[in-house]
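There are 2 protein chains.
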Amino acid sequence: MKRTLMISAMALAACTLATAQVKEDFKPASTNQQGKQYPMVNSERVVRAQVTAPDAKYVQFDIGGVKYDLVKDENGVWTGDTAPQDEGFHYYQIWVDGAATPDPNSLYYYGASRWGSGIDIPAHDEDFYAVKNVPHGDVREVYYYSKTNDAMRHCFIYTPASYDTDLTKRYPVLYLQHGGGENEYGWAVQGKTGLIMDNLIAAGLAEEFIIVMDNGTWSMPRPAAGAAPQARPQAPQGQRPQAPQGGQRPQGGGPMGMPSGWADGFMNTLVNDIIPMVDAKYRTIADREHRAMAGLSMGAMQTKSITMAKPEVFSKIGLFSGGTISVDEANSTPGFREAYDLVFVSFGSRETENPRGGVDPGKITADLKASGMNAHYYVSPETAHEWQTWRRSLYQFAQLLFK
Amino acid sequence: MKRTLMISAMALAACTLATAQVKEDFKPASTNQQGKQYPMVNSERVVRAQVTAPDAKYVQFDIGGVKYDLVKDENGVWTGDTAPQDEGFHYYQIWVDGAATPDPNSLYYYGASRWGSGIDIPAHDEDFYAVKNVPHGDVREVYYYSKTNDAMRHCFIYTPASYDTDLTKRYPVLYLQHGGGENEYGWAVQGKTGLIMDNLIAAGLAEEFIIVMDNGTWSMPRPAAGAAPQARPQAPQGQRPQAPQGGQRPQGGGPMGMPSGWADGFMNTLVNDIIPMVDAKYRTIADREHRAMAGLSMGAMQTKSITMAKPEVFSKIGLFSGGTISVDEANSTPGFREAYDLVFVSFGSRETENPRGGVDPGKITADLKASGMNAHYYVSPETAHEWQTWRRSLYQFAQLLFK
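Quick mapping for you: the protein sequence lines, in order, are chains A and B. Counted the way this note's numbering counts, the first sequence spans residues 1 to 403. Counted the way this note's numbering counts, the second sequence spans residues 1 to 403.
Take these hints with a grain of salt, some might be off.
To be verified - Here's a subset of chain A near chain B, in silico, CB distances under 10 Å, partners left out:
| no. | residue |
| --- | --- |
| 1 | LYS57 |
| 2 | GLY76 |
| 3 | GLY80 |
| 4 | TYR110 |
| 5 | VAL134 |
| 6 | LEU195 |
| 7 | HIS385 |
Hints are computed from structural coordinates only; laboratory data are not their basis. We put the CB at the ideal spot given by N, CA and C, even for glycine.
Isolated chain A, as found in the complex (with noise of 0.2 Å):
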């Protein structure tokens, strides 16, 4: 008896003490609907939701990996706090009842294999994609035919402020890969693409160039022949690319969910396809000391094994949380040494401390530079495998490129 009662008031003192530490500083998320005012995020990072679900049984915050157990009100109003999360932006979704769904108050993101919620935790850097009154560059979708899928593709081309004002100018293009599980929205939209190089220009960071950011994951099935062919707008159907016919095949691992075909696949719509589309319709300087290709994830590995397997096309790499290069790869790999002036490789800081395989990226790449070539290692402080590792590593890579 004793020891029950002791037990219950250690789990009220607890309890009390939960209530008692969370700051009641609660905010509407940036991520929100217009006119939402859940989810909200307090000045510890936790964030507080609330789904409307009179009938509901149980109703699920699932972030992080974690399920979060909301509460109901009389009115049928579901709230609940999940535990602090990391600064940036964080693919979520509710559970009602055991059916998945989108909240119904966030915007909606591409990412872990489908469109649905997303929320953006303050950072304390978050200056550097703000909308600012600096002048705007534009991202555009663009629909192409490709000659490699017999389709046609979409993806979406940031071109600098300046590009629309001095038509005599030409711009370097940087190619910007996704990571596994989403697409090309996922750069364009939550990677903030447009939004960190207008800020960084507009500080004098960077230099001015042109991003494409493309879709490495998909191409179409051949149409029927006679038939005109098709694509899906906002979330194409179509096959995984077919398996490697020959040349490059990826060095190391690939990430959970990698599409078989991720590297060669894609590579040849990128060199026979886009970069050529690109330099066609846009003003760019199209030749390989002006080229540079990066990727997240998925896309840095696409893109270490494009780039080693095409020195004759770029001159600039970044791996961002997907790979590093080492010495013996850059020795063995042939006209790598001559043809690239620029490694750049990041990892959140909760990726390097537990990584696999004992191998620390930071030492590579130190190894790297020490065997004499530019190489650049950045770690994210205190972010995942998740996107303001990608959005702070785009920021500090945009400052090294065509300079």
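Chain A is already provided as a structure; the job is to place chain B on it using the hints.
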């Protein structure tokens, strides 16, 4: 007993008949997320929805003002059919035990004052907005500063395919507005403006012009003194425009959900900020002869109000599902007859079947034409106050513009 049996037999017959009547030629909707099979649509435009909700008591598919009860199978998967829907695009939602959520299977669109599910029912004339292997223009996402709102704003701008290759050419501009409860994404996404124009231009049916799609219902609150202007990239959360301080009041009644100040607040932003920004940044022909305004529903009423107040700014008018211009209005508006060389009025046939107040917009427009103005009237067959009406209206209107 006999009667009960008869009724049962009849009910069984009706049930069997109903089942037999549903054509089993369902295909995934074009508006589904990548890889998602449901919702499907058959050749009779019946929608078959499916949602996984193992612990739910009831699940409903809510489209066209009707909630269809789905039926649960042994795996907790709920399925059901709707009545036949009209051709074209419709907003819809799912109800799970009283929670209104987006369908996790669909893509998401802004309308009905929320981001949520939409479905495109195949249309007999859908070829005019298909993705084809023709030269494509770009739909650009643009941020700009508004003095009127003292804030950053966000719009979409279509530039035709030739814009980026023929750098000496200048273009007329159409300012194209969404309806109530919608925003600048309406014409750019579900409106399929870029695809409609690309196909028209490739077929030689329309002149090339720029199209500006802005947000007609939103302006940001003034920030505190010294604070940097900020904007919400995807779903601005600012206050509605202020009530008009004078100037032209809207003619006629407004649609449901129309905010106060919807015409005058936006007119100031349009004339003082948006048009100067567009004429400065893009290669426009910056005179009234080469400037048109059109809109749907609330956007049509804004168009009427703004063009009647500003004959020195515009020369062509398109009103889609949002009013007419009568002979009396044309005669009593100073400068109107001299300024405008095109007035286009359109509706969906289901709107004109039961015209409000017994007014016949076709007769009003025919009278305007008989009075000497270049007036055109179009009725979209078998569509209501929805996007297929407006896609078709743009398709018709664009063929008359700047010729």
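Here is how each hint holds up against the structure:
1. LYS57: It holds, given that the least Cβ distance between LYS57/A and chain B is near 6 Å, below 10 Å.
2. GLY76: With Cβ-Cβ at 6 Å, under 10 Å, it holds.
3. GLY80: Violated, about 15 Å.
4. TYR110: Where the cut-off is 10 Å and the nearest Cβ of chain B is about 8 Å from TYR110/A, the hint holds.
5. VAL134: With a minimum Cβ separation of about 9 Å from chain B (threshold 10 Å), the hint on VAL134/A holds.
6. LEU195: Status holds, d = 7 Å.
7. HIS385: 22 Å, violated
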